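Colleague: Construct all of the structure, not just a fragment, from the sequences and the given hints.
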Amino acid sequence: MQTFDRGPYRVRLAASADDVIAAQRLRYHSFIRDTGAVPRDGELDADAFDAACEHVVIELVATGTLVCCFRLMPFENGREVARSYSAQYYDLAALETYTARMVEMGRFCVHPEHRNPHVLRVAWQAMTRYVDGNGIEMLFGCSSFDGADAAAHSEALALLRAKHIAPRRWLPRPKAPKIFRFGAMLRRKKPDPKQGMQRMPPLLRGYLSLGGWVSDHAVIDEDLNTIHVFTGVEWSRVPSRIAKLLRS
Numbered sequence: 004m005q006t007f008d009r010g011p012y013r014v015r016l017a018a019s020a021d022d023v024i025a026a027q028r029l030r031y032h033s034f035i036r037d038t039g040a041v042p043r044d045g046e047l048d049a050d051a052f053d054a055a056c057e058h059v060v061i062e063l064v065a066t067g068t069l070v071c072c073f074r075l076m077p078f079e080n081g082r083e084v085a086r087s088y089s090a091q092y093y094d095l096a097a098l099e100t101y102t103a104r105m106v107e108m109g110r111f112c113v114h115p116e117h118r119n120p121h122v123l124r125v126a127w128q129a130m131t132r133y134v135d136g137n138g139i140e141m142l143f144g145c146s147s148f149d150g151a152d153a154a155a156h157s158e159a160l161a162l163l164r165a166k167h168i169a170p171r172r173w174l175p176r177p178k179a180p181k182i183f184r185f186g187a188m189l190r191r192k193k194p195d196p197k198q199g200m201q202r203m204p205p206l207l208r209g210y211l212s213l214g215g216w217v218s219d220h221a222v223i224d225e226d227l228n229t230i231h232v233f234t235g236v237e238w239s240r241v242p243s244r245i246a247k248l249l250r251s
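The sequence shown begins at 4 in the working numbering and counts up one residue at a time.
I should point out that these hints are in silico values taken from the structure, not numbers from a laboratory. What you are looking at is a predicted structure, and each value in this text was computed from that prediction instead of being measured. Wrong hints could be hidden among the right ones.
To be verified - For lysine-lysine, the following DSSO-like pairs were computed, each having C-alpha atoms within a straight-line distance of at most 30 Å:
#  : residue 1 : residue 2
1  : 192       : 178
2  : 181       : 192
3  : 166       : 178
4  : 166       : 181
5  : 166       : 192
6  : 197       : 166
7  : 193       : 178
8  : 193       : 166
9  : 197       : 247
10 : 166       : 247
11 : 193       : 181
12 : 197       : 181
Modeller: This is how it looks when you write it as structure tokens:
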């Protein structure tokens, strides 16, 4: 993916160790500081997957301030999916038969002082350029809700259950020790579509607008004070109107 500018923002791949450290610092600020998560030494959100990923950074052109970042781990096909971050928490055996190129998007975050729809649009345009440029057919990852109490997210989870569960051929199975099986637990709850979408995390709303789907259970991560669902989107199924906007 080549560097490009959109309005006040510049999008590029991390080019140095300092770029990656800046992303890890922003991730700490977004995921851990003042969120109820368990603190970590050094105020960096870093793990072993960082070295295997490409890191996308979005900065203000005028100042170089980092406002958004995420990382990408590509795979030739589903046979490699067990190496993904998501595979720590979900049984992805169903995806091992996927024959086309895939990429996992992870650690997506926006600086708290720069959370606005334009940053999200630029981020999705960057993702689209990467997908198109690398022949990717499936994008996947984990989408998190703030707060580890699954019941507090029941309206959004009920909407996911009603309209957005993964096709059976790709459906992830439980693996993590602490999960909320909303596919079964909320089967009698009739969701309010407006409230459910309003309570959906912005990243997950983006996935759903592309025709994305989710696991039928959520993983409870008490260390980060979140719950998350596995999320996937098959790029060939993105609505043409949305794809055109992302490529404009």
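Colleague: Work down the list of hints and note, for each, if the structure agrees.
Modeller: Evaluation of the provided hints:
Our distance criterion of 30 Å between C-alpha atoms is met by residue 192 and residue 178, whose separation comes to about 25 Å. Taken as a hint, the residue 181 and residue 192 pair is honoured in the structure, with Cα atoms around 22 Å apart against an allowance of 30 Å. Of the pairs offered as hints, the one joining residue 166 and residue 178 holds, with about 23 Å between alpha carbons and a cut-off of 30 Å not exceeded. Taking the CA atoms of residue 166 and residue 181, the gap is near 24 Å; set against the 30 Å cutoff, the hint holds.
Between residue 166 and residue 192 the alpha-carbon distance is near 13 Å, which keeps this suggested pair within the 30 Å criterion. With a C-alpha separation of about 13 Å, the suggested pair residue 197 and residue 166 falls inside the 30 Å cut-off, and the hint holds. Straight-line distance between C-alpha atoms of residue 193 and residue 178 comes to about 27 Å, which keeps the hinted pair within the 30 Å bound. Between residue 193 and residue 166 the alpha-carbon distance is near 11 Å, which keeps this suggested pair within the 30 Å criterion.
With a CA separation close to 26 Å, the supplied pair residue 197 and residue 247 stays within the 30 Å bound. Taking the CA atoms of residue 166 and residue 247, the gap is about 24 Å. The hint holds against a cut of 30 Å. A hinted pair counts as satisfied when its Cα atoms are at most 30 Å apart, and residue 193 with residue 181 qualifies at roughly 25 Å. Only pairs whose Cα atoms come within 30 Å are accepted, and residue 197 paired with residue 181 is accepted, the gap being roughly 29 Å.
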